[in-house]
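Using the sequences plus the hints, can you model the full thing?
Heads up: the protein sequence lines correspond to chains F and W, in order.
Using our numbering, read the first sequence as starting at 1 and increasing by one per residue.
Using our numbering, read the second sequence as starting at 1001 and increasing by one per residue.
Within a straight-line C-alpha distance of at most 20 Å, the following computed EDC-like cross-link-like pairs (lysine to aspartate or glutamate) qualify:
#1 F:Lys203 x F:Asp171
#2 W:Lys1259 x F:Asp374
#3 F:Lys185 x W:Glu1254
#4 W:Lys1232 x F:Asp367
#5 W:Lys1259 x F:Asp367
#6 F:Lys220 x W:Glu1300
#7 W:Lys1259 x F:Glu405
Derived DEER-like restraints, expressed as beta-carbon distance ranges:
#8 F:Pro409 x W:Thr1260: 26 to 32 Å
#9 W:Ala1290 x F:Thr237: 32 to 38 Å
#10 W:Met1120 x F:Pro286: 54 to 60 Å
#11 W:Met1120 x F:Glu42: 58 to 64 Å
To be clear, the hints were calculated from the coordinates, so they are not data collected in a lab.
Even for Gly, the Cβ is constructed at its ideal location relative to N, Cα and C.
Chain by chain, the residues:
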Amino acid sequence: MNELPPGQPAPASATPEGDRPLTRKERQIRKVRLHLAMTVREIFEEMEKDPSRPKAMAYFDDIFRKFMHNGEGVIKASDDQKVVGTYCVFVPEEIIYAAGGYPVRLCAGAHDSSEIGEDFLPDVACPMVKSEMGFAAMPILDFYQRCDMVALPASCHWKLKMGEMLEPFDDVHMLDVPRVKESEKARDYWLEEVKRFQRRVEKITGKRIRRRQLRDAIRKIQRAQREVVRFQNLRKTIPAPILGRDALEVLNAYFYDEVEDWTEALRALNEELEERIANGVHAAPPRAARILLTGSPMVFPNWKVPFIIEDLGGILAADEFCTSQRYLSDMVSVDEGTMGDMLMAIAERYVLPCACPTFSNTIERRDRIARLVDEYRIEGVIYHVLKGCHPFDIELKIIEQLLREKGVPMLKIETDYSPEDVEQLRTRIEAFQETLKGRL
Amino acid sequence: MNIQRLRLAVQLLSFTVLIYGGLFAIDLGNRLPTFACSYVPDHGGGCFLVGFQHMLSRPLPEFLGEQGIRLLKALGIASLWAIVLNKAWCGWVCPIGLLQDLLTKLRVWLSIDMSRFSWMTRHRYKSVKYILLALLVLIPLGIGNGLISRDWTAPYCQLCPARPLLPLFRGDTTQFAINFLSIPTMLLTGGAIILVGLMFTTSFVKRRFLCSYCPMLAFLSLFDKIGLFSLKKDGDKCTRCGNCYRACPMEIREIEEEKTLKNLVTQDCILCLRCVEACPENMALEAQFAGFSFLKADAEAFLARQDAGAAGTGTRRRRKKK
Chain F
1 MNELPPGQPA PASATPEGDR PLTRKERQIR KVRLHLAMTV REIFEEMEKD
51 PSRPKAMAYF DDIFRKFMHN GEGVIKASDD QKVVGTYCVF VPEEIIYAAG
101 GYPVRLCAGA HDSSEIGEDF LPDVACPMVK SEMGFAAMPI LDFYQRCDMV
151 ALPASCHWKL KMGEMLEPFD DVHMLDVPRV KESEKARDYW LEEVKRFQRR
201 VEKITGKRIR RRQLRDAIRK IQRAQREVVR FQNLRKTIPA PILGRDALEV
251 LNAYFYDEVE DWTEALRALN EELEERIANG VHAAPPRAAR ILLTGSPMVF
301 PNWKVPFIIE DLGGILAADE FCTSQRYLSD MVSVDEGTMG DMLMAIAERY
351 VLPCACPTFS NTIERRDRIA RLVDEYRIEG VIYHVLKGCH PFDIELKIIE
401 QLLREKGVPM LKIETDYSPE DVEQLRTRIE AFQETLKGRL
Chain W
1001 MNIQRLRLAV QLLSFTVLIY GGLFAIDLGN RLPTFACSYV PDHGGGCFLV
1051 GFQHMLSRPL PEFLGEQGIR LLKALGIASL WAIVLNKAWC GWVCPIGLLQ
1101 DLLTKLRVWL SIDMSRFSWM TRHRYKSVKY ILLALLVLIP LGIGNGLISR
1151 DWTAPYCQLC PARPLLPLFR GDTTQFAINF LSIPTMLLTG GAIILVGLMF
1201 TTSFVKRRFL CSYCPMLAFL SLFDKIGLFS LKKDGDKCTR CGNCYRACPM
1251 EIREIEEEKT LKNLVTQDCI LCLRCVEACP ENMALEAQFA GFSFLKADAE
1301 AFLARQDAGA AGTGTRRRRK KK
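Listed below in structure tokens is the structure:
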């Protein structure tokens, strides 16, 4: 591990000390970089304490360790490759890959950058949008600055208005996601939006997308999903062969990594996990309470809740986050393979089965959670709401009702990215997991 | 197992048997509920509608006697066939269905995108096939009872696109003509030629255009509930991703929307099973024959199929450079 001494600013923005005092902005950048590096180091120090961690995790660790060094090398785009930043789960990556671009998902989870974001957004805004704003506005992580364009779906209200705020820093392309997705016209409209996005990406990269490139891009992502299906099936084994926080890391790494490299790394991990299962090696004891996390997404380095759950002897058996499992579970089905067929397949894959709470109905999400509870033999559900994340808060009652019917206890936690409430969360989660043990 | 390839093989085999079967002493009888045209010389099997229309063209009192028994027998045999294979007659046997599927392959090969009717249009025309089925019974009865001119005899054979088209495969061009005997024959046989033309042209735009209006489909749909083939859906497993609807040549929206109905052999279903192959959710869709499950939706199998080339007619996998 080649670690940069904390506090040393990156050469690009370094000012000769003593020449002139650092401006407020430079001080802020320095502070955030330092804090981020510390947070990342703490996370990995904690992870290294686990002696039974799969060896194949090293590949994914490397990606996130680079967050300590201004995120240089996190994305693998070559110098002449155009980088397209994406937010949420609605931006068709297939199109970016087909046009020769490099997609990187910018949804962020850093507490310090969310403090910068407060300059742009009201206090009640969710920490994720604040954090994203912070990274976009200040040169903290390299790949936020490398984006040649940013695709922002108008999903929740924060994201809807974020486009204009991002404009001084990025070339923003807004995608209008229909809210009542069942109607015929909504589908047609969304397909047109995807085509508009396609034209924009083609313009940025200067490459026309042909049938073959699009099919190849789809196939690349389908292959990644094939490994995800295998990975998720392995995670269903009891006792769990891998900790949930490690699984979260694997799936989070997909944001930044090149899809084929990521697929290979996951294949290696899957093989290791199969071996572990065969040899009876497991990451958590067989009686560990199996927890499902749902609600507002968790992005690196906001992993405090998974850490608490697993420190307390539970196992994060599955999650329902748009930044993790759910992002990779719906699949494009190429039927006829004509250009129109593939574009329609791509458009529909990103919206129709999507369980995002910004859509009018909750059916998809309800059924998905019910399936996860059954398939992963979930004993308790933790419903995570980020302060200011209204869509997930609104759906709470419906999900609560569903889980009551299924007889699965649920705990709602409301938090943000700050580490201050960790002890309070620990107490609540501990009490919740105790009650689960009592039920066995 | 690639069901679409198997289906194509079965379709080609059925086509050969129905059109050329007579040369190999195959005779499946003249009571098949599919467009196996009886005008094809030495056919291996014939459509039951020919005889059915002639038997119906009788004065009503005759049905109380021997004529009624003959009619019931014909209808009974056709119904038995319909129960055994129900909609598989359309998706796996019908020669007109095969021709449309082949033209669709040509369209895809030419990179022409498919298009679909709007949901409203599609819904509006759903009843056409049942109206045609009702007329199929009423017109011959009218002829038999002196209400309609004899020129309308076997109107559906005169109108059927299979009659001019299928004998061509045996080199018989005599049917490919308009009968100028009278105005009704001119209208009907002219209509048949127009339908052949429509079949060729619409195949470059839509999939299985003619099938939605086919009175035979309407007849077979009467056996949806008791047919041995069934298509089951587990709504709890469905994410409503729409893959099945996109794959469906008959544009059946229920396959995607329905969350509670268990049997999804709906009135327009032709049991091509493309929906099951397009479904990425484990066990969400399942095809059964007489209660025995022979095809299930499966995520891994789905992805393997997609990797090998699109499920139906799509682009093949490129050879990997090494």
